[in-house]
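Enquirer: Fit chain B to the known structure of chain A by using the hints.
What follows is each chain in one-letter form.
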Amino acid sequence: MSKNLIDLAVEELAPLLENKSISPVELTKEVLDHAENSEPQINAYMDIYREDAEKDAQAAEKEILNGQYRGMYHGIPMALKDNLYFKNKVTTMSSKIHKDFVPDYDATVVKKLREAGVIFTGKLSMHEYAWGITNNNPHYGPVRNPWDLDKIPGGSSGGSGAAVAAGSSVASLGTDTAGSIRIPSSACGIVGLKPTHGLVSKYGCYPLAWSLDHIGPMTKTVKDAAGLLEIIAGYDKNDPTSVNVDKENYLSKINGDVKDLVIGVNEDFFFNQVDTDIDKLVRAGIQSLVDQGAKVETVKIPTLQYAEWAELVTSLSEAAAIHDTDLKNRPDDFGDDIRMLFELGQLPSAVDYLQAQQVRRQLKQDFNKAFQQVDVLISPTLPVAPNNIGENLVDLNGKQVDLIDNIIRFTGPANLTGIPGLSVPCGFKANLPIGLQIMGPAFSEALLLNTGYALEQTKPLQGRKPNLLVQS
Amino acid sequence: MSLSIQALLKNKGIEVKETHLDVLDVRWKGMQALRGNLEHANINDADIGIRNIPGGDHIE
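Sequence lines, in order, name chains A and B.
Going by our numbering, the first residue of the first sequence is number 13, and it counts up by one from there.
Going by our numbering, the first residue of the second sequence is number 260, and it counts up by one from there.
Don't read these hints as lab results, they were simulated from the structure.
In this text, all values refer to a predicted model and were calculated from it rather than measured experimentally.
Accuracy of the hints is not assured; some may be wrong.
[As the list claims (entries may be wrong)] Across the chosen pairs, the derived CB separations fall in these ranges: (1) Thr288/A x Ile312/B: 46 to 52 Å; (2) Asn380/A x Thr278/B: 31 to 37 Å; (3) Tyr117/A x Ile312/B: 20 to 26 Å.
[Stated by the list, open to error] So the derived list for chain A, only partly shown, Cβ under 10 Å to chain B, looks like this: (4) Tyr247; (5) Asp336; (6) Asp348; (7) Ala368.
Ideal Cβ positions, reconstructed from N, Cα and C, are used throughout, including at glycine.
For reference, chain A alone in the conformation it holds in the complex:
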């Protein structure tokens, strides 16, 4: 049993921990050993907290033995993205400028996970300041995709995606401003949920673009994501955008029943310029839901034609404002790629920014109208497969296209509108996993998770795992 612990999901580990078949100490040691052994290949961790984790695991073991089991994530070893504040721990944003930054408080999500009994194994690498999707970091080296070490893991939460896929973190949290949870989740073959804006507090997360930022689960399975969301969701007066809604038990609403679910398909935007193999896989995923009783309707969302522009103007401008002083005083301390994005963010006018917000408002209304017709929308998470590390162009049906422009096309609208988006694996193109995105009305996470679970039951990854050659 213990040989395979790193392959198990939280939903499989939790009962073993609760009934004392395994110990948090044993599990944590395996995860830490595997993390250290796989690091030379995937480079997912910024820092490993072995000593702290072993101590916390012993405390968790004692509690569980004393009958004080706290719930699904008690005793689960997890590392988090390095833009989430841990009190008295260096939090770098994988940047040079913040390499010695030590927050004096825990992020709200970190505090909640501590209370749930999570054992923190360390901090995970990310695209510098979360402003990119390759995780090819100039200061700390590239994170590699465990399915193919020459490929990007996606980003900006690429360390989280790679670590969960490789088994060096049982689950993780990512942050998502234009797709940074869903992109690496798709590229690494895991489940990633960007919740509704305001459902999960952003307090203690270093911002990329305030109005677009989200924190959410990145996990091996849909049920793991549901359990994690239950812990981290909730109103927080410290976050100005937090929304006071009733707590939900997402796990209890997952039964895989999609009979009479109405799936919306938007051909004009969400299936336009998509890799042919990805298109087929996503449509096959939709068909598998239809086979289980769902229905499909086509929907129109006219304002989507301006979504990319509005997303770019909003994210570039907000990020440029956050980094304005450092861009003027120490520009050479940024990686070239994000330095150019901060420079680009200085160019839109105030009128551009405000018109982008008007587009955003109209887009929300268009989505609301679509959701009067259908329950969920399904699209590819990414229109292209992950490319080789260091390449800025990517193949799209035989044509070389710009990676950044294309990879956020289908994820950005959920950030602009604030609606939830879930990426779940739907198959392979060559040896790389491909993700399918499910979007729904605000606060419809339970519905998205149930739909994702129904797809997951068809076993689109056929039980395959990344084949890392790790010395143990």
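Expert: Coordinates of chain B only, in the frame set by chain A:
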């Protein structure tokens, strides 16, 4: 066009690497192309919805 981007940023106190200018130019033009003239965007009556809450961030 490259020079105007360089000049615009320089006026804001930002030094741009020469090697970045072409990329910035292409990206900026690309953004303008995505925007077009917003002629099909029905935004005339779209309130941007910024909330001005007296006394704090939340209505408690």
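Enquirer: Can you list which hints this structure breaks, lowest number first?
Expert: The structure conflicts with hint 2 only, although it agrees with all the remaining ones.
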